[in-house]
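Residue numbers (my numbering), protein chains in the order written: chain A, 1 to 47; chain B, 48 to 525.
Hints are not guaranteed to be accurate.
What the hints assert, rightly or not - Residues from chain A shown here face chain B by an in silico Cβ test under 7 Å; the list is partial:
# : residue
1 : PHE15
2 : ALA16
3 : TRP47
Treat the hints as calculated values from the structure; they're not laboratory data.
Every residue, glycine too, gets a C-beta built ideally from N, C-alpha and C.
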Amino acid sequence: MNPFAMSWITNASLFAWIINGSQIVLATAVLTLLIIWWVEVRNGRVW
Amino acid sequence: MLFATTPFLAPGIAWILVVIFSVLWIALGIAWGKKGDGGADDFMLAGRNIGLSLSTATLMASWVTGNTTLLAPEFGYRNGLWGMFSYALAGLGLILFAPLALRIKQLMPKGRTSGDFIRLRYGRLAWVVFMVITAFYTLGFLMTQAMGAGILLEALSGFDYRLGMLVVIGVSTIYTLYGGMRAVIGTDFIQSLLIMGLLVLVAVLAFRQFPIDLVHSRLVDSHPERLDLLLPAGLLIAWNGALLSMGEVFHNNIWWSRVFASRQSVVIPSFVLGGLAWMSVPLVTGSIGLVALARNLELEQVNMVFPVMAADLLGAGGAALVFVVVFASLTSTLDSLLASTADLLAEDVFLGLIKPTATDAQLKLATRGIVIGLAIATLALSWPRLDSLRSVLFFTGALVASTIWPVACGLYWRSANRYGAIAAMVTGSAAGIMAYVLIADYSAAIFSAAVSAAVMAGWSLLKPESYAWTQLNEEVTA
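With the rest of the complex left out, here is chain A (with noise of 0.2 Å):
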């Protein structure tokens, strides 16, 4: 076996972590997105 070589398996629940959790990221990309376009039309900054 090689001393030196190392891995590091990902366990059930970070693998779960890294998939739910971008999934939740993206979803909040959309409703910040639409907040901040909401908010400049109110105020004339969009273009």
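Using the hints provided, position chain B relative to the given structure of chain A.
Frame of chain A, contents of chain B only:
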């Protein structure tokens, strides 16, 4: 088992979706295009005053390419978690460009293109080298988008490869031609919302069909190395991805044109927000590649793993959702590429070399002509089909990573030497190509950036220049 790539969406539904979204993009593009003052500068840079929402959305939409829906799942399938992370690290290119973007806006408030900067900062010879690099990259980028359009529409709906390509390029060209940068940025806003919203929906529904813990346990049993966070090849691919994206963003006029088009106060937040939000996209699409791996599917064409899996897990509805995401991703990137590359060629080549006395109307006409020329050239180059886009992408990385340090040093370091910049771009590109051929395709950007950095720094320290920053603004406005 071998998973055949049969279409999952009835051609009739696919055509209805194509017609609906094509009419929508073209109508909105033309309407937004009428907002400006009709001048060439407005056509090229949308009035130079766009706010945070449009600025962030256009960065997001332009950076979510056909590659993000084709390649990120391929990376996830081939390289596991590190494949996804490496693709996500491409968002660093946008985030790290944020301070440079503000600096550009301050130094060149009337600037139009990245070529303007290189020419004024380093001279005509450096500009030639830069334009050759950007030409290779842009053509490669346009080809991957065009081929992605043909491959994806064929996989999803059975469209002929060339017909799919023709439809996507045709629609992008029409609204870019009529509405210029206003059309591009306005449609990008809607396209980015569609892409992000529908991707979340597809991913949530897909993991309901094939739960996360089941995917994990299957991967642990069959492909544990794909879950290894210390995978050496994964680490190398990740850093290559980050440097490749920095090279792409730092040099390309897509991103410089967004800087010039935005209000100064929104430049930094839009690049940071756009980059952060974008990083979640390849993680979400890449995770679909892991589902394919967990199900032990062998695909005829790995770059179709995302549409094939979405359609397989979610049926015709999933195929329709992916179709819309893909159509929006491709049109939003192609319109940006067409518009900003046409700006670059019109400003730097037509106005700078061919006809310096051109009127505003002639410049606008030339920009439109170049949009059409680029669309035709892209179609011609993409007519023969390649089955993996990964090699095309990594090859361009060997070239563009060599521009990172000349651009960054040129913006901040008064002593940065013009001949050092030329040598850095040439030697960096050569080193990147050698690494691509001799070591691995995913090591090209690392070698290119490293050699370029050493040459740029060494030359400038030995032969420092004393550049006056005001030259950037004075000459642009002259």
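Was the hint right that TRP47 of chain A lines chain B, CB cutoff 7 Å?
6 Å, holds
ALA16 of chain A was flagged as interface toward chain B. Is the shortest Cβ-Cβ separation under 7 Å?
It holds, given that the least Cβ distance between ALA16 of chain A and chain B is near 5 Å, below 7 Å.
Restraint satisfaction for PHE15 of chain A [CB to CB of chain B, less than 7 Å]
5 Å, holds
Hint violations for this structure: none, all hints satisfied.
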